[in-house]
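J.: Please model the complete structure; the sequences and the hints are all you need to start from.
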Amino acid sequence: GENVEQHPSTLSVQEGDSAVIKCTYSDSASNYFPWYKQELGKGPQLIIDIRSNVGEKKDQRIAVTLNKTAKHFSLHITETQPEDSAVYFCAAESNTGKLIFGQGTTLQVKP
Amino acid sequence: NAGVTQTPKFRVLKTGQSMTLLCAQDMNHEYMYWYRQDPGMGLRLIHYSVGEGTTAKGEVPDGYNVSRLKKQNFLLGLESAAPSQTSVYFCASSYSTSGSRYNEQFFGPGTRLTVL
Numbered sequence: 001g002e003n004v005e006q007h008p009s010t011l012s013v014q015e016g017d018s019a020v021i022k023c024t025y026s027d028s029a030s031n032y033f034p035w036y037k038q039e040l041g042k043g044p045q046l047i048i049d050i051r052s053n054v055g056e057k058k059d060q061r062i063a064v065t066l067n068k069t070a071k072h073f074s075l076h077i078t079e080t081q082p083e084d085s086a087v088y089f090c091a092a093e094s095n096t097g098k099l100i101f102g103q104g105t106t107l108q109v110k111p
Numbered sequence: 001n002a003g004v005t006q007t008p009k010f011r012v013l014k015t016g017q018s019m020t021l022l023c024a025q026d027m028n029h030e031y032m033y034w035y036r037q038d039p040g041m042g043l044r045l046i047h048y049s050v051g052e053g054t055t056a057k058g059e060v061p062d063g064y065n066v067s068r069l070k071k072q073n074f075l076l077g078l079e080s081a082a083p084s085q086t087s088v089y090f091c092a093s094s095y096s097t098s099g100s101r102y103n104e105q106f107f108g109p110g111t112r113l114t115v116l
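Listed in order, the protein sequences are those of chains A and B. Numbering follows our numbering, in which position 36 of the first sequence is assigned residue number 36; successive positions increment by one, without gaps. Numbering follows our numbering, in which position 100 of the second sequence is assigned residue number 100; successive positions increment by one, without gaps.
Since the hints were derived computationally from the structure, they do not count as laboratory data.
Using 20 Å as the maximum straight-line C-alpha spacing, the simulated PhoX-like pairs for lysine-lysine come out as follows:
1. Lys42(A) to Lys9(B)
2. Lys71(B) to Lys98(A)
3. Lys98(A) to Lys57(B)
4. Lys58(A) to Lys68(A)
T.: In structure tokens form, the structure reads like this:
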């Protein structure tokens with residue numbers, strides 16, 4: 001069935017460094033790939049998304065890249081700050097319109 | 001706007017007990033979803049609804065039932081709770097699922113359920 005693999009499961013960086021989270025998906029028909037951030041005790045919140053007709057998208061310190069041929073996409077956070085500490089989920093939209101989520105990455109930014 | 005709200009925030013059940021989780025949204029969204037979140041497994045879809053009066057099974061529907069009698073509410077029921085249903089449950093809603101920006105899912109704050 002449809003599957004999204006996310007790596008790493010945990011990531012620790014120093015404040016100011018960059019962080020990269022990678023995801024691969026199995027459904028070649030997927031064409032929408034959102035990223036959600038979940039802060040402690042809260043529900044996930046959309047931070048950036050990308051559609052298959054775009055290879056890269058930036059929004060201030062965050063960017064997402066997509067390689068449809070290889071079926072993988074990545075989240076890049078530059079100049080990390082302590083408030084970036086959270087759990088990040090990638091997702092891919094299945095051919096039935098539902099989102100398939102990755103397992104999540106716990107990012108810790110150390111001051 | 002309150003967005004998506006969930007009731008209750010916490011609940012402890014004994015095996016075999018039943019309960020209903022309530023989700024409400026005030027964004028006039030057509031689509032609503034129930035997920036469960038377990039460590040290392042991400043968010044898994046339990047059931048979803050594409051409009052008032054409709055429901056459909058997701059990835060892990062066994063042991064759960066849902067109802068969408070009103071557009072703004074989506075109820076998740078556990079008829080006979082089991083320890084395997086200990087989890088954090090999230091409700092979400094979206095305008096559409098067309099693969100556009102409009103299918104951004106808005107999540108509630110979650111319900112932490114423990115089944116003893």
